[in-house]
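Participant: This is what each chain is made of:
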Amino acid sequence: MAIRIPKPPLPGRRKPPPPQERVNGEVTVKDQAAEVGAGIVGWVDERTGVGGFTKGMLFRKVPKGTNWFYTLGSATMFAFLSQAITGVILAMYYDPDPSRAYDSVQHITNDVFLGSIVRGMHRWGATVMMVLIFLHMGRVFFFGAYKYPRELNWIIGVVLLVMTLMMGLTGYLLPFDQRSFWATIVAVNLNGTAPVLGPYLADFLRAGPEFGATTLTRFYAMHMLLIPGLIAALIGIHLYLVVKLGTTAPPWMKAKLPEPLEKERV
Amino acid sequence: MADRTETERRPGTGENGAHTSRDGAPNGPEPLPKAKMPGYFEGETVTRRALFSGGAMAAGGIAGAAIALPAIGFALGPVFDKVEEVWQDAGPPSDFSPDDYTPKVLTLDTTVGEAGKTTVYIRKGNTSLGERTDEYVAISTRCAHLGCPVRWVSPAQRFVCPCHGGVYNARGEVEAGPPVRPLDRFKTRVQAGTVQIGPRFSVNSKLERFSARDPGEPLDGLWKYLYPKRFSVPGV
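Chain order of the listed sequences is A and B. Last residue of the first sequence? That's 266 in this note's numbering, and every number before it is there in order. Last residue of the second sequence? That's 236 in this note's numbering, and every number before it is there in order.
Bear in mind the hints are in silico, worked out from the structure with no lab data behind them. Even glycine gets a Cβ: it sits at the ideal position worked out from N, Cα and C. Be careful, since some hints might not be right.
Said to hold, decoys possible - Partner residues aside, some chain A positions facing chain B, computed with beta carbon under 8 Å:
#	residue
1	Tyr70
2	Asn189
3	Pro199
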């Protein structure tokens with residue numbers, strides 16, 4: 001008696017593509033290109049199942065009344081992405097050494113090709129992100145979108161807001177001119193005025209009792225590595241919860257009740 | 001057992017019915033004996049699975065701590081690292097008078113170039129201010145509000161801060177504005193005919209000395225307990 005080996009379950013085959021209209025019965029270059037593209041997408045999808053995830057994320061149902069205010073969160077995220085991309089490019093030229101930081105920023109602004117544009121995007125983008133994140137918070141608050149079951153997402157949003165403010169604080173020092181130097185002195189002293197732990201927090205931020213070279217490198221490391229990493233991770237959780245819980249209808253939309261209850265509505 | 005026949009077929013009809021038939025345990029069939037895992041023996045206290053999962057978690061925890069603890073200590077190190085006392089020459093005693101301040105530039109931090117330098121206002125002790133004539137008063141320019149640099153305005157005999165309107169008198173005591181304590185001072189001494197400036201210290205409104213505090217931290221009354229001495233600065 002032959003041994004029966006159980007067959008491993010295989011994913012079903014994809015549907016064959018609909019027959020293309022051929023010109024004179026010949027396969028055109030366009031057909032071949034489409035075939036290659038579909039092949040690559042199918043290959044990846046078969047091995048990751050990313051198609052279902054993408055569909056669920058991008059084609060999810062949204063409530064009636066969804067409007068432009070609902071784009072403020074995405075707008076904030078794209079402002080962050082813009083900051084991340086321009087920041088990575090700026091890091092290629094920036095030098096966090098106290099004797100060269102100011103000159104390297106001048107070099108970026110005045111000498112590097114498109115340097116003033118990229119630095120301007122980063123500098124003004126920071127303000128744009130700050131405005132957008134507050135507008136997004138206002139939208140969530142006034143639409144009541146922080147209520148059950150979305151409280152955790154509100155809390156994560158608050159942490160993201162604080163981290164965005166920390167990005168502003170740490171980034172302000174990096175041009176290392178008079179304004180950023182004294183603003184950082186004042187900001188660190190403000191942190192120091194927290195009772196009991198404040199003095200130690202100020203020492204932590206400065207890496208010692210006086211402003212020194214390690215203060216600049218410390219702020220730089222926080223600005224480009226520590227806080228952006230945390231922001232990116234928290235945006236991931238934030239988005240996961242948005243997709244999982246769905247968005248809320250605006251407060252002026254009335255839910256439609258079943259017929260018998262609709263009659264009782266006052 | 002008495003009420004069993006009455007209620008067992010009518011779950012959810014009332015409190016009695018729900019009580020006896022929903023949980024099922026007292027009246028239902030005997031529960032199956034729990035399946036024994038491979039390697040089970042009579043009197044075992046820890047299953048193989050629990051031991052291994054606990055061991056794996058402990059090993060992971062140790063590995064994580066081995067990375068995280070040095071990293072955190074590395075970042076927090078400067079908070080506990082005491083800086084050395086440095087004394088710098090400020091000039092001969094003839095540079096200074098008891099009636100007016102002489103500005104001198106000192107280096108607070110050698111690693112940041114010009115940014116590590118600061119102006120210090122120095123004068124001889126003045127008997128009309130209750131000071132000895134052989135001592136020197138060295139006032140820090142760091143405003144006690146938020147750390148902006150104050151300037152000595154000689155005609156007005158006042159220190160004035162450009163940022164938020166802090167004003168101090170000739171002894172560095174607050175006359176107006178938001179500062180919470182007098183201007184900080186530096187230790188002074190005369191060695192080999194030269195006035196030397198040492199570490200910074202803070203004073204409260206009675207000019208009692210405290211180890212150097214950051215601006216914005218009051219030192220009167222109970223406040224001195226809310227803003228304790230830092231590990232990084234030398235004592236008074």
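Participant: If a hint holds in the structure, say so; if it does not, say that too.
Facilitator: Hints, verified against the model:
Nearest Cβ of chain B to the Cβ of A:Tyr70: about 39 Å, over the 8 Å cut. The hint is violated. Given hint, A:Asn189 at the interface with chain B, holds; its Cβ is 4 Å from that chain's nearest Cβ, closer than 8 Å. A hinted interface residue such as A:Pro199 counts as satisfied when its beta carbon comes closer than 8 Å to some beta carbon of chain B; here the least separation is about 5 Å, so the hint holds.
Violated hint for the displayed structure: number 1, the only one.
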